[in-house]
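*Asks:* Each chain, written out:
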Amino acid sequence: MKSLLLSLTVATLTFATTAQASDDLSNMTWPQVVAQAKKEGTVVWYNWFYQDRFRGEVKSFENHYGIKVIIPDGSHDANMNKFLAQSSRPTGDIDVLSLGGSDLAKFKPEKMLIGPLSNLLPQNNTLKYKMEGVDSKGYAVAYWGNQTGIAYNPSLISQKDLPQTLSDFSAYFAKHPGMFGFNYEKGGSGPAFFQSIVRNVVPDIDYQTAQPTANTMAKLTPAWKWFNQRRGQYIITASNSDSMTRLNGGEFAMVASWEDLTASLQKEGDISKAIKFYIPKMTMPGGGNVVMIPKNAPHPAAALLFIHWLTSAKTQVTFNKDFGSVPQNTESNSHYALVNKAERKNSSLWPDKPLSDAINKAFINHVIFH
Amino acid sequence: MNKQTLLAYCLLLPGLGLIIVFIFVIISMALAQSVGYFNFSGSSTFTWQFWQQILADHQLSRAFFYSLKIATISAILSVSFAYPLALWLRDPFRGSQFVSSLLKAPLLVHGLVAAFLYVNFISFNGFLNQIFVHLGLVSRPIRMQNDSYGIGVIILQVWKQMPFALLLLTGAVQSIGHDITDAAKDLGAGAWTRFVKIILPLTLKALQAALIIIFIGAAGDYSFQIVAGPIDVSSLAQLMLRIQANDANGWNLSATVAILLMLTALIGSALLALITQQVIKWGAKR
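Those sequence lines, one after another, are chains R and Y. For the first sequence, position 302 matches number 302 in our numbering, and the numbering has no gaps at all. For the second sequence, position 22 matches number 22 in our numbering, and the numbering has no gaps at all.
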């Protein structure tokens, strides 16, 4: 009985302390947040990609503040499900959660997250709180920018011959059949490519607001026709990585890819440094990932301090250099990016979520399994 | 029931009981989910909605016929390759033990490992293409990865399953006495006649067992398909997982595919065994 009472008291105190801490964040000055974060001593960051490499990157935060960063292994869906499943618990396991920008549409940020972070972070004016068409209302902040485009092998296609428009792609496919590859699953670069073609073939749809109604989907028929007429001229690959491996091996001249994936593979020595990347003028979508603090985070001050470090101009430049991600702090330069500022204007938004998913499904049904 | 029989059943219970319980739990769970129960994203009530939705999906029929094709061809080819080897290894000879062990080596290699090795071997810059180019057979490597016909998957299935068929058939072939085959030989039966009229009928049970087991394994294949299979068609197992991951009602929809997969394996393998029996009987009577 005694031990039960003791456990209950400890649990209550922990909850009270956590709740108190999260309430207090908005009343604290920044030095107080830092002091509280150091007292908490640990931050648990649920990030679903490059966990191994991020464990190395966060060393500078750990050394500077003396706060240990734990990055558990876990997939995107597993982390999201854990966050949702734990949301009713007084104290959860997650301090900082990474999600894709469009994931914010799946729950109510103001109910489940600490914030708005835009009121808590000292560098709030230089950060982005809206990502992939979803406004987090300041509760989630962008820390990772990713851009889709075309990776190419300069020994097989010169820069001046790179297709830029829909008609360029049509001409290239006809003249060089089998030299372009893209995936339709296991990675978003392929879907980004075929969505761009869809947008160019069927331009009279507002892809940011339209819903996937029968009428909207019927309008996309010419796009499926475009792909089916050229079925032997492009190659469907098994995944993003498969595309890149085969590009590197000289099987393809061009593949749909991610800017950060291309840069990372080059950095790791997995593909040749000669491989280049560009965003065609017909535009390809770019987006990114955001971080947030769940309401029941066990170390909220440490989480806030960690997000401050993660989104700082310096860290964003480091990520740009080490991973090829697009800096999300306006004060960061992007000297190490694979594309220049002028070309980045070819970046477009992803179609809004329900329509984007419907286009992907329709592509599979009307083109892949046609 | 006497004491001895009861004791025998009790001794079987720990092993058999667990198997029966697990099979019952899994099948009943899949059945319940396919008709709307255990719905993780909506209300759990009885509905035919998931069956209607999946049966109307043309991906299902493509996946069904593709899996059926792969399973049937793989099973037939595996036993076809295993028979001559089993006959060759029927009488021990110097080194036969080594050859037999070597032939069974694929049983020790995991399917995923085999699939990756195969893809490496036939890829654009793989060993096979290097040889073709080096010998001047082709000027540019041939694209063989993820072929549309599922040839890669069939090669892998046969490579992996043939040793299993060999294991079953070797035992069956060795159990046929030499006096029977010698008698047939004395009566003027040639090698083919002896095979069709004596070996095949006397090893029918082993042949059917091999066909059934290989068919079931190949019909439910996921690992070979996901690595080396065609991009433009899914196997039933692949479709089941894709639906589970991509749809809000994924678990219920994939349960319907799981039921269909089990039925395909059960009915398909039984039919294959039955047809084989009829063909062998017909061959023996000719």
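Source of the hints: derived by calculation from the structure; they are not laboratory data. Cβ coordinates follow ideal geometry from the N, Cα and C atoms, glycine included. Don't take each hint at face value.
[Stated by the list, open to error] The calculated lysine to any residue pairs, modelled on SDA-like cross-linking and capped at a C-alpha distance of 25 Å, are: (1) R:K186 / Y:Q59; (2) R:K108 / Y:N39; (3) R:K353 / Y:F116; (4) R:K186 / Y:F116.
[Unchecked claim] Short, incomplete list of chain R residues facing chain Y, as computed with Cβ under 7 Å: (5) V202; (6) D206; (7) I368.
*Asks:* For which of the previously enumerated hints does the structure constitute a violation, in increasing order of number?
*Replies:* 3, 5 and 6
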